[in-house]
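**Q** Single-letter residue listing:
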Amino acid sequence: MEAILEGISLSLSLSALTGILVGIVLGQFLGSIPGLTAAMAVALLVPFSFYFDPWVGIPMMLAMFKGSLFGSSMPAILLRTPGTPAAAATVIDGNPLALAGKGGKAMHTVLYASVFGDAFSDICLILGAGALAAIAIRFGPSEYVLLILFAMLSLVSLNRGSSWRGLVAIFMGVLIGCIGLDPIIGTERLTFGNPELFEGIGLIPMLIGFLAISEVFRQLEQPLHRLAEKTIQFSTKREDNHLSGAERLALLPTLFRSSAIGTVTGALPGLGATVAAFIAYNEARRTAKKPEEFGHGSLHGIAAPEAANNAVSGSNLIPLLAFGIPGDVAAALILGALLIQGITPGPLAFRDNPVPIYAIFSAMLLANVVNYLVGFAFIPLAKRMVSVPKRVLFPAVLVFASAGAYAMRGSLFDVQLMFAFGVMGWLMGKLRFPTILLVIGFILTPILERSARQTLILVESSDGWLPFIGSRPVLMILLGILALLTVLILRQRMKMGRYTLPQQSPDQD
Amino acid sequence: MTDRRREILLLGTLIAITLAFAVGVLPMAIDEGFGGQGPGLSPSAMPGLAVAGMALALAYGLVLAVLGIKPGTDAAAEHPRGAHPLRAIGAVLICLTFAQLGFKLLGFYLGGVVMAMLLTLLLGERQIFKVLVIPMLVCTLIYALFELGFQIRLPKAGFIPGLPL
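If you read the protein sequences in the order shown, they are chains A and B. At position 474 of the first sequence (counting the first as 1) the number is 904 in the numbering used here, and the numbers step up by one without a gap. At position 110 of the second sequence (counting the first as 1) the number is 127 in the numbering used here, and the numbers step up by one without a gap.
Fair warning: there could be bad hints in the mix.
Straight-line distance between alpha carbons at most 27 Å, and here's what the computed DSS-like set of lysine-lysine pairs gives [what the hints assert, rightly or not]:
(1) A:Lys860 to A:Lys820
(2) B:Lys147 to A:Lys719
(3) A:Lys813 to A:Lys667
(4) A:Lys820 to A:Lys667
(5) A:Lys813 to B:Lys173
(6) A:Lys720 to A:Lys667
Derived by calculation from the structure, the hints in this document are not laboratory data. None of the values given here were measured: they were computed from a predicted structure.
Working from the sequences, and respecting the hints, build out all of it.
**A** What follows is the structure in structure tokens.
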């Protein structure tokens, strides 16, 4: 108890509060820049944190990560340009709502859902770090393969259009994800002898190219007078710029469900916020009273992925704090910064030196409050930032994206790749292929391939599949749950009448 | 041409490209090394599965199109056929030229300013302030943010040695 109080008082000190405030402001600002991901934002701060007192640097980094997750949803909604892959699902409903003049409402929904999901997972982290980590740590490569295949299936079922187009896009993403040196034996795959491709395709050029540049090219086809218009028109009605109490109340079931999905997914190392966001979106649509509103500006469609991807940020610290194992890139960066400051997370830290751990917990909760308050002030600023004509904004976006793509690896080849992907995404859009699925397929490929290879090696050493599955109770339980969910998803899709004869509905497609 | 015929033509073309890639490019572009003989997946397994998956999905689409069964709401509303594809093609050419040559020759700052000016002109802006000053301001901000803020060295002009931009 004494350690808890000491931890709380440490996080309430002026230096820690300053760190939290600066971290949130910087995070929201950097996150709102297309191409600067939450991981990049934290990475940029790690070297600086060494020059600060630990109780300025650590809260600042944790807060920056939270702020950047919220900030990255701003361009997703207003420019259809997610600042991080985790915000890609927010585009689906956030952008249509903004285009309808309700950008303010969309951003308030994001803020509400982000802070809710974040706080939910922080509380789960505090209450059940040990228990959740114990379950997650039992997941082996075969469980990962199953989870990823399930994620891919739900993503294809999420696609509003034909399932074959979704499948082609996701397989194309997998193929692009295979470019580079083989992850196990290091031989060349699809590099065509180009050394720039040995490390594989960079995530940043891929993301900016497919999700931002392709959108700019698509919009450039509009008549000139449309390009002179403001990017997003904001309605002047108060109800279009705020979230009412009734709307907040109606979102609660979605927020609880999505936060739980994000918390569990975040506790599994490597799966990350993107998978959580898409699973939560799909679940929200599956359980919605009006699923037809999804994709057209549904508030539940915005709240679900936001609550889930923010919930990941808290729970992915579970394996880090309980076992010293970082769950994703950002957690790895936070681990690096903790080590720089002389704090070694892990089971021994809870027993021998718990004060810093409780101070981190307390700082995370405080950061949520600050994130909400700063976010509230940031929304009008973000609205102003995008209220410029497209023909002035788009050239700036293209130059900025070039700098963002170059910055990660200092390579002009990445800038070329980004524009090539932009052209590819634009053409795919014209042929009605969902580019988001391609990006997700690409992101999931490394972990899928590594886990599949490890699983096959394990199966070979277990004398076949049946003895292998029989020896893994976690896998059997997971198989049962996912089989049930798959049936439910397929039934839902059939019910929604995706396949209709053209003569029965000539207006479709 | 009807939508159905266009769909069949598209699917036929994509299947032909996928098969040509699977047969002509994939085996040559993957070095199996010694891993192909060992336990687990070979280096070509995952790319092979991806291409096979694409071919099967396309074949499924072709069957649906031939039978006249088609899905409801492909993202047609999100991607309407553009009225001016030539402008987008012009922008693509400008961007690719600068990514390939412009940034190397002029450096990021000057290259960015010229690229933004050309794009602004292409998009129909004719006010001198917006064509000249805004690209310069934007590029100065971006350059300062990355070079001074993040300490990331952006490409410098190659034609004048020692030019700091």
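**Q** Each hint: holds or not?
**A** Now for the hints, and whether the structure bears them out:
| no. | hint | verdict |
| --- | --- | --- |
| 1 | A:Lys860 to A:Lys820 | holds (20 Å) |
| 2 | B:Lys147 to A:Lys719 | violated (48 Å) |
| 3 | A:Lys813 to A:Lys667 | holds (15 Å) |
| 4 | A:Lys820 to A:Lys667 | holds (24 Å) |
| 5 | A:Lys813 to B:Lys173 | violated (34 Å) |
| 6 | A:Lys720 to A:Lys667 | holds (25 Å) |
Comparing the model with each numbered hint stated earlier shows that hints 2, 5 do not hold.
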